[in-house]
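Visitor: For reference, the chains in residue letters:
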Amino acid sequence: MSERRPQVAVIVFPGSNDDRDAAWALHALGADPVFVWHAEQELPDVAGVILPGGFSYGDYLRCGAIARFAPAMEAVGRFAAAGGPVLGICNGFQILCEAGLLPGVLRPNRSLEFICRDARVRVERADTKLTSRCTVGQTLTIPVKHGEGAWFADDDLYAELVALDQIVLRYEDNPNGSMHDVAGVCNREGNVLGLMPHPEHAVDPLLGPADGTFVIASLVDAARERERALV
Amino acid sequence: MKATVLVRPKAGILDPQGQAVEGSLRQLGFAVGEARVGRVVDLELEATDAASARAEVERMCEQLLANPLIESFEIELDDE
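These protein sequence lines map, in sequence, to chains U and D. Each residue of the first sequence is one higher than the one before, counting from 1 in the working numbering. Each residue of the second sequence is one higher than the one before, counting from 1 in the working numbering.
For the record, the hints were derived by calculation from the structure and aren't laboratory data. Hints may contain errors.
[As the list claims (entries may be wrong)] With the C-beta cut set under 7 Å, the calculated list includes, among others, these residues of chain D facing chain U:
#1 16
#2 20
#3 67
#4 69
#5 70
Model, not experiment: these values are computed from the prediction. Each residue gets a CB set at the ideal place from its N, CA and C atoms; glycine is no exception.
Start from the sequences, fold in the hints, and give me the full structure.
Guide: In structure tokens:
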């Protein structure tokens with residue numbers, strides 16, 4: 001008997017452009033994606049959420065600063081507070097930071113150039129809901145494509161995050177000038193993860209590296225587990 | 001009443017945009033020490049007294065216009 005396919009929401013903002021790839025990757029790895037328009041007040045009955053990449057609201061003001069006030073983001077906040085797994089990719093990471101669901105902020109790349117290439121990231125934690133398929137110390141090759149990906153936190157906040165073990169991924173070849181090579185951070189509870197690399201673009205070996213599978217499949221596992229627990 | 005909000009990268013925060021501007025100005029022959037690039041937001045407010053206008057704009061800054069982690073803001077009121 002095949003395993004049940006959990007439903008995972010992909011939130012679509014005006015200006016999202018990786019929503020379809022996220023849905024494709026979810027489907028390929030055993031979940032049923034459900035697109036949710038940003039103006040929705042409630043999430044449908046889903047067991048996981050992806051905030052996809054793109055340029056929500058044209059990145060006006062600061063990237064993610066306007067999208068965080070979308071009605072759907074309130075619902076995502078409630079879902080996260082209830083322990084639901086939430087994965088923010090690129091612009092999704094920026095939105096989670098602006099919304100205060102993740103610590104820090106994403107700033108323009110140090111080079112001021114848009115960077116589009118494969119990046120190597122080291123897994124620092126494999127016990128979050130979004131990295132359960134990884135192993136600590138593993139290097140993942142996943143593409144980045146962003147103009148504002150330099151994660152920043154002040155010294156006090158960074159020390160706190162290290163103490164609480166919230167740095168999940170670090171670049172081995174820092175492409176954007178992010179502080180302490182941070183590529184991905186999670187919340188205290190480990191059910192919300194944001195990262196600049198795009199795992200949804202790296203799930204099929206036919207199209208290059210497939211290490212994104214480790215992240216997306218972890219989310220699918222977490223969603224399946226959550227569905228089972230709620231039944 | 002009108003208000004102008006000046007949003008700046010906080011002191012000590014790396015400002016690559018400012019650095020690029022600084023480099024270009026030097027290339028043009030200007031003697032520039034440092035350039036920092038921020039943002040200006042002009043607002044028209046319904047509030048009629050300065051105190052409540054300022055309080056309201058402060059809330060706007062905290063909620064949306066500036067990110068306190070990396071930016072500072074300054075409010076100028078024009079109540080002519």
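Visitor: When the structure is checked against the list of hints, which entries are broken? Sort them ascending.
Guide: No hint contradicted; all consistent.
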